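Kindly generate the complete structure, drawing on both the sequences and the hints.
Residue numbers (numbering that gives the first Met the number 0), protein chains in the order written: chain A, 0 to 172; chain B, 0 to 339.
It cannot be assumed that every hint is accurate.
Below are the EDC-like pairs computed for lysine to aspartate or glutamate, each with C-alpha atoms no more than 20 Å apart in a straight line [what the hints assert, rightly or not]:
1) A:LYS135 / A:ASP152
2) A:LYS43 / B:GLU29
3) A:LYS45 / B:GLU29
I should point out that these hints are in silico values taken from the structure, not numbers from a laboratory.
As the structure is a prediction and not an experimental result, all values here were calculated from the model.
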Amino acid sequence: MRKGTNNNLEEKKPVRREDLSFWQKAYIPEIVKGLGLTLKQIFKPKFTRQYPEERWEPTGAFRGRPVLVTENGVERCVACGLCARVCPALAIFVQAEETSLEKERHPAVFEIDMLRCIFCGFCEEACPEEAIVMSKDYEVVFTDRRDSIYGKDKLLVPMEQLKERLEFLHRYR
Amino acid sequence: MAMEILIALIKIIVVMGIVLLTVAYLVYVERRVAAFIQNRLGPNRVGPQGIFQPFADVLKLLFKEDIVPKAANRTIHDLAPIISITVALSVFAVIPFGNTISLFGKEIHLSIANVDIGILYILGLSSLGVYGITLSGWSSNNKYSLLGSLRSSAQMISYELSLGLSLIGVLLMTGSLRLQDVVVAQYGWRWNIFLQPIGFITFLVASFAETNRLPFDLPEAEPELVGGYHTEYSGIKFGTFFLAEYTNMIAASAVVTTFYLGGWQFPYLDRLGLPVIWISIIQVMSFLLKVAVVIFFFIWVRWTIPRFRYDQLMNLGWKVMFPLALANALGTAFVVAALG
Numbered sequence: 000m001r002k003g004t005n006n007n008l009e010e011k012k013p014v015r016r017e018d019l020s021f022w023q024k025a026y027i028p029e030i031v032k033g034l035g036l037t038l039k040q041i042f043k044p045k046f047t048r049q050y051p052e053e054r055w056e057p058t059g060a061f062r063g064r065p066v067l068v069t070e071n072g073v074e075r076c077v078a079c080g081l082c083a084r085v086c087p088a089l090a091i092f093v094q095a096e097e098t099s100l101e102k103e104r105h106p107a108v109f110e111i112d113m114l115r116c117i118f119c120g121f122c123e124e125a126c127p128e129e130a131i132v133m134s135k136d137y138e139v140v141f142t143d144r145r146d147s148i149y150g151k152d153k154l155l156v157p158m159e160q161l162k163e164r165l166e167f168l169h170r171y172r
Numbered sequence: 000m001a002m003e004i005l006i007a008l009i010k011i012i013v014v015m016g017i018v019l020l021t022v023a024y025l026v027y028v029e030r031r032v033a034a035f036i037q038n039r040l041g042p043n044r045v046g047p048q049g050i051f052q053p054f055a056d057v058l059k060l061l062f063k064e065d066i067v068p069k070a071a072n073r074t075i076h077d078l079a080p081i082i083s084i085t086v087a088l089s090v091f092a093v094i095p096f097g098n099t100i101s102l103f104g105k106e107i108h109l110s111i112a113n114v115d116i117g118i119l120y121i122l123g124l125s126s127l128g129v130y131g132i133t134l135s136g137w138s139s140n141n142k143y144s145l146l147g148s149l150r151s152s153a154q155m156i157s158y159e160l161s162l163g164l165s166l167i168g169v170l171l172m173t174g175s176l177r178l179q180d181v182v183v184a185q186y187g188w189r190w191n192i193f194l195q196p197i198g199f200i201t202f203l204v205a206s207f208a209e210t211n212r213l214p215f216d217l218p219e220a221e222p223e224l225v226g227g228y229h230t231e232y233s234g235i236k237f238g239t240f241f242l243a244e245y246t247n248m249i250a251a252s253a254v255v256t257t258f259y260l261g262g263w264q265f266p267y268l269d270r271l272g273l274p275v276i277w278i279s280i281i282q283v284m285s286f287l288l289k290v291a292v293v294i295f296f297f298i299w300v301r302w303t304i305p306r307f308r309y310d311q312l313m314n315l316g317w318k319v320m321f322p323l324a325l326a327n328a329l330g331t332a333f334v335v336a337a338l339g
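So this is what it looks like as structure tokens:
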């Protein structure tokens with residue numbers, strides 16, 4: 000009976016890792032090993048990026064602040080309002096206006112509230128003209144809440160500066 | 000007599016100035032070394048490579064509001080950091096940082112007080128240091144502070160035994176309680192670290208426990224006890240505890256250097272036939288260098304070893320350190336008796 004229970008216990012024994020050896024229990028050799036490891040780390044290259052001086056250049060896949068594309072100084076936007084419609088954060092406001100240019104329509108007012116924007120990129124996906132794209136700009140800074148609404152003056156960006164993003168969109172969308 | 004007092008005052012000002020400046024920079028060095036060990040850069044913005052960081056830190060602490068809990072015992076709450084810093088700074092009074100020199104026809108001991116019971120003085124002060132921590136925890140009227148201070152008293156009392164017992168070995172070798180004699184006895188390579196390796200290890204470990212440095216920083220144990228004994232301290236009172244902790248670290252390093260690393264001894268310096276003034280300078284420099292190395296070791300260990308559990312700490316203290324120190328003391332006694 001007793002033997003039986005014993006066997007039973009042995010079967011249920013949890014898996015146990017190897018016991019520590021005497022030298023491991025003596026702490027000091029192990030501590031010296033650890034000290035060696037940390038000393039080695041001191042001389043290894045550091046991961047820190049010294050931000051204001053060393054900036055990170057995102058790739059084309061990065062979704063930064065949404066901007067309006069201009070082609071030879073003319074904006075592509077025809078003020079259809081799809082971006083404003085799709086925007087889940089209701090950050091975009093568009094007011095259309097007629098122009099004498101080829102496209103006949105353009106936004107008189109185009110505003111993105113950067114406090115509302117969630118950088119989801121839906122506006123870019125919805126846009127039929129590829130007129131609003133996500134830029135690489137991740138430094139969205141203002142010191143007053145009223146400055147958070149970016150108008151056309153801040154939104155219009157020449158196409159040449161958005162090359163990588165446009166190429167990315169052509170290749171993967 | 001007036002001359003004596005003047006000399007003592009100059010020595011106090013110089014030593015305290017160096018100690019306080021070192022403490023400020025120690026915080027910076029600690030943060031930098033920690034960062035480097037963790038593959039970061041650490042504070043490097045204030046001034047070139049961040050060397051003005053300590054002043055920024057101190058200024059910040061000075062201008063912070065001093066918040067005292069309503070239920071705290073105000074008097075003791077104010078007193079505790081003062082006790083801590085006083086005790087920490089007092090240790091430097093007996094540390095010899097150079098050989099006796101003759102200046103303007105006067106013998107000057109390069110230690111603030113060349114007392115003949117230096118070892119006892121240091122042991123006494125290290126016991127007193129517990130009061131600052133215990134009283135701070137108790138007077139804060141906060142359970143975490145109290146737990147921290149209780150732990151610290153238990154820890155310090157446990158490790159004081161091995162601290163004292165390891166020193167008996169040194170005492171037997173030297174035959175004097177005067178620290179200057181302890182250093183003089185370690186002439187050449189006869190440093191106590193080589194003659195008393197076990198005593199050195201037990202003393203070093205006990206020093207870590209006495210200064211509440213990382214493998215034994217249970218009184219603070221920030222993941223468990225918020226901030227330990229100084230949870231309820233802010234502003235410059237917290238800064239004073241901080242200062243005391245780092246001063247203790249320098250003091251412990253200086254004590255370890257004096258007892259085991261030959262103090263200001265530079266092996267066989269007198270055989271080089273240098274002018275007296277150079278010998279003195281090299282001796283002081285070698286003392287400072289040794290202290291710096293020990294301090295670096297303290298920091299290095301902190302960022303290497305994780306904290307002990309409380310029962311592990313007590314086991315190590317009573318079942319390993321204490322018997323080891325006792326055996327070392329007895330062994331030394333036998334050897335000294337046998338060799339006459």
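Results of checking the hints against the structure:
| no. | hint | in the structure |
| --- | --- | --- |
| 1 | A:LYS135 / A:ASP152 | 18 Å, holds |
| 2 | A:LYS43 / B:GLU29 | 18 Å, holds |
| 3 | A:LYS45 / B:GLU29 | 17 Å, holds |
Every hint, counting from the list given before, is met by this structure.
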